[in-house]
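Those sequence lines, one after another, are chains A and B.
Each residue of the first sequence is one higher than the last, beginning at 1 in the working numbering.
Each residue of the second sequence is one higher than the last, beginning at 1001 in the working numbering.
You can take every hint at face value.
Derived DSS-like pairs: lysine-lysine, alpha-carbon spacing no greater than 30 Å straight-line:
(1) A:Lys161 - B:Lys1191
(2) B:Lys1244 - A:Lys72
(3) A:Lys77 - B:Lys1116
(4) A:Lys161 - B:Lys1116
(5) A:Lys161 - B:Lys1159
(6) B:Lys1116 - A:Lys168
(7) A:Lys27 - B:Lys1032
(8) B:Lys1043 - A:Lys54
(9) B:Lys1230 - A:Lys72
(10) B:Lys1244 - A:Lys140
No lab work stands behind these hints, which were simulated from the structure alone.
Small disclaimer: the values here were computed from a predicted structure and weren't measured.
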Amino acid sequence: MVVKQRILFTLLLIPLVSFCQQTKSSKSLYPDSVGDIAFNKATDNENFELCYEKHIFQYFNNSGGLEYDGDKLAIEKEFAQKFKSVLLENENGLIRIRFVVNCKGATDRFRLIAMDDEYHDKIFPQTITNQLIDITRTLKGWKIKKYGDQAIDYYQYLIFKIENGQLKEILP
Amino acid sequence: MKKLLLTLFPFWFYAQPNCNAFLYEGDTLQYKACMLVENIENKHYQFRREFQEKYDEALEICPHFAYAYREKSTAYLKSGDFLTWKRLIDKAVEYDISGNLGYRAWCRFQFFRDYKGAIADIEKLDNLSDYDIGYGINGDYHLNITKAMCYSALNQKEKAISIFISHLVTDSYAPGLYDYYQLGVTYYENKNYDKALQAFEKQTTINDFAENAYYAAKVYLALKNDSEYKRYKAMAIYLYGQNKILSDPYTHHYSHVYYTTILNE
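Using the sequences plus the hints, can you model the full thing?
Rendered as structure tokens:
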């Protein structure tokens, strides 16, 4: 009987603990981890599956850096072939597209930020940003990262250096 | 999973200041803030909410605690969020310019290839200092060598070479692991082939790796010396197989060459 009561008590406590955590989370300025990308029904693929929704790693956590079939060279080649540059004077800065590579090597949850040469927010023409997003979505060579035998989900980003509307360099 | 997280903590932590030094200087606010976050990196990964919140608490105690801004900025740097990173690291520089200007310069170079910004920070630090301005945070390059690489990237090859050499001949300076390679690449791009070969030879005696042999091969190709070209190309492929290459866990190491590029040369 005592054991049953203890089990019941423990079960009752679970929602309380959970509630406390949610309350703290909603008041915080921060997501669980810096840069977390929450699912957005309006833009994201609802069929995109994560192995561990609760923890998505960063691409460098395994010390492997950016891992892609054919290395970053293959990514640069994709953009060199597909990105149609238009000379746009004074369209300078960086554009970062960050996304999730899941435990099967598929990608989704693409998010974009941009800056000018002085690190201020910038809105680039959609002729540039739409192309970058579209080409990034088509990249299929992301390697599956593992810890031990366990495939993990991870965040990856690409930064595009733009000079006068031209794509000059891809980072990291 | 927790064990995994602890195992994978990045090694890029900046040593926490000695809190007692603030007390010695009579800055009790900064001492209290510093003590609040002492050893926090052992408890929370720098990306975690708890890590950010703890540093916010420290800043509530001492709004001029530069170290807190710098620590908060790191996760944004590593996730490529240049906007938030810059806002935070600028605060760190504002409150401790000599302690953070060189760091900001290196980050501009390594993560954002902001060559002009990195040069401006290094030159400003140099003007402020009557001591050695030191190395980039990961220890790969001295900041003067970094400045030379930035000028090279901006296609100011002569200026870059001049900075490389004036630093490399400094009596108190021991050449870094990749310095002569970067000098050699700059010579090669400036078509100073003899000087480039000398630099690559010097590099070999310090630390040999695939890219160094690859660029030596490129020089011999330009000089139409087919046998040496083939010898160095084969050496580059061999060294690549030994994983003796320029690498970095976060970004593309400046002047790193891909395996397929070497094969297809």
